[in-house]
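Model the full assembly from the supplied sequences, consistent with the hints where possible.
With the working numbering, you'll find the sequence shown wraps up at 188, consecutive numbering, no jumps.
It should be emphasised that the hints constitute simulated quantities derived from the structure, not laboratory data.
You can trust all of the hints, since none of them are fake.
Pairwise CB distance ranges, derived in the manner of DEER restraints:
hint: 1; residue 1: H123; residue 2: G165; range: 16 to 24 Å
hint: 2; residue 1: P116; residue 2: L152; range: 31 to 39 Å
hint: 3; residue 1: D104; residue 2: L167; range: 15 to 23 Å
Backbone N, C-alpha and C fix where the C-beta goes; we use that ideal spot for every residue, glycine too.
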Amino acid sequence: MANVIMAPSLLLAIAAMATISLVHAGTNPPPLFAFGDHFSDVGNNNGFPGAIRADHPHYGIDFPGGVPTGRFSNGYNIIDYIAQLMGFEQSPRAFLSGPLTDDDIYKGINFASAGSGVLGA
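Shown next as structure tokens:
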């Protein structure tokens with residue numbers, strides 16, 4: 068079971084390091100598009116009705132401002148850290164957080180949603 072979890076995490080870490088090294092070679096970082104589950108969700112679930120939500124206390128207690136943002140953590144998540152390493156001022160915005168602008172698309176979009184999966188129920 069541990070190997071099943073470790074393999075995708077290791078691949079993600081290697082891909083992130085490769086992307087970060089390429090970014091530092093140029094002046095403008097490429098767009099960051101995030102897919103995944105609660106480890107990378109920055110607020111997409113706030114737009115869904117249901118029980119899987121992180122827009123209430125104590126989520127976000129260590130996030131700047133101390134307010135719940137929809138992240139399933141008490142502060143930054145992995146996408147926040149990758150965006151910082153790539154040179155972005157903030158993480159790509161959540162796809163469901165409102166109308167998107169061209170600038171949003173050039174910076175990237177976060178499609179991750181907690182509770183997501185590839186297998187049907």
